[in-house]
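We have chain R; now place chain X onto it with these hints.
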Amino acid sequence: MIRTLLVGAGVFVDALCEGLEAQGHAVAVVVPLRKPSAEVTPYDLDTPATGLNVAAGLLGSPNLVIHVPAVPEGPTDVIDQTVEEWIAACEAPLDEAVAVVRSVQPLLAGRSPTGGGRLVWVLPTTALSGSAGFVATGAACEGIRALAKGTAKQWGADGATTSVLLVDPGVFFAGCEAPLTEGMQDPALASLGRVGDPVSDLAPLLDLLADPRAAFTTGGTIVADGGTWMAL
Amino acid sequence: MTSNFTFLPTGPLLQGRVALVTGGASGVGLGMATAMARYGASVVLACLRTETGEPAAATLREAGLDVRCIRCDVTVTDDVFSAIATTVKEFGRLDCLIHNAVAGTFTGAGPITEASLDGWRMLVASSLRASFDCARAGHAALQKAKGSLVLLTSAAGMEGSAAIPLYGVVKAAQRTLAKGLAAEWGPDGIRVNSVAPLALTK
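Residue numbers (numbering that gives the first Met the number 0), protein chains in the order written: chain R, 0 to 231; chain X, 0 to 201.
Worth flagging that the hints you see were computed from the coordinates, not collected in a lab.
Some clues are possibly wrong.
As the list claims (entries may be wrong) - Selected chain R positions facing chain X (Cβ under 8 Å, derived; list incomplete): (1) 76; (2) 78; (3) 81; (4) 89; (5) 90; (6) 93; (7) 97; (8) 101; (9) 130; (10) 132; (11) 139; (12) 142; (13) 145; (14) 149; (15) 152.
Only a predicted model underlies this, so the values are computations on that prediction, with no experimental measurement involved.
Ideal Cβ placement from N, Cα and C applies to all residues, glycine included.
Isolated chain R (complex conformation) (with noise of 0.2 Å):
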């Protein structure tokens, strides 16, 4: 059995933690403390090992760390966002990729080439670009990706693994209510139709990612967004 921690809070979370449940992972949620008006220092980068530990210790040695960082759902233009409002974006979700990997070395590596622990940032594509309206988000997201690398690097000879994976900001900001932003790709006319289902579209994947045979990709990104990111 795969076992998951799953590092993030929210409706996409909830629907990631079923649909890994229905691929028959052990799944343990570890909700990270995000503090709403971060001011200077937004986290101190140690606070989640303490959540991530109890989380394995309950779970077991997981196989697979799914870390989901907050960024928010709307636009903002960088001259009107406050320090507080960039923090939350760029700094707090980058200072969150940082504690997991630091919180998850000892948890992942050291296992054999075959069958070393993953492990996985979900984002949404907006990463892959900047955008107008998203300059802080995007710019988390790559250097969220460059984290994705540089760990790769540092943990090969561990046999541990990391991954990107990019999904539509549909699906990523799901029970979000406000509105993405004029002028994104409507979802109908994307190559697929859809912007995916965490259920259906995204744990198959993430399952597979977690499995032996997906061992040889490591540091890479993967988009999963039934091409609507493409097709803009």
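Frame of chain R, contents of chain X only:
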């Protein structure tokens, strides 16, 4: 101007233009500032260490170039706003804002699990928060001049780095920050780009 590179254009291409370079007291920043000044631009070296920046500016002035030094700690928001405001006040405009300064590159080096948190904080403050502050502080003047914002990034930000992974993180973030700002500010007539030199300077 004289140059060892015959393919470079010559002449006062930037006459009447004003540029500010953070981290301009030495290394790549000073090199860029010098080149722009040689093309006729008025250049401000915005730097933390005026004991290095002032002599550098004086040397360039002795060579007939219009260069001055303003103290600016890019991790302090007020310093960034003040340096840009002073530049606009003294020169009347700002055509090019180059955020080149970074700190914490090597204190945040090594295994991520052992990286210094102070190094990480310094990287975020000097690269990301400072980019945000430069953008906010420079937007009005750059819009007026139909100018250009340049963020210095790194090859480490392209494919991640095993040796300096956290530096790679903030440099990657800056690259996409530039792309996003370019999209956001295009209608304002401001160009935003990032440059990733392979250079190791102090």
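Quiz item: Of the hints given before, which are not true for this structure?
Solution: Going through the list in order, the structure violates hint 3 alone and respects the others.
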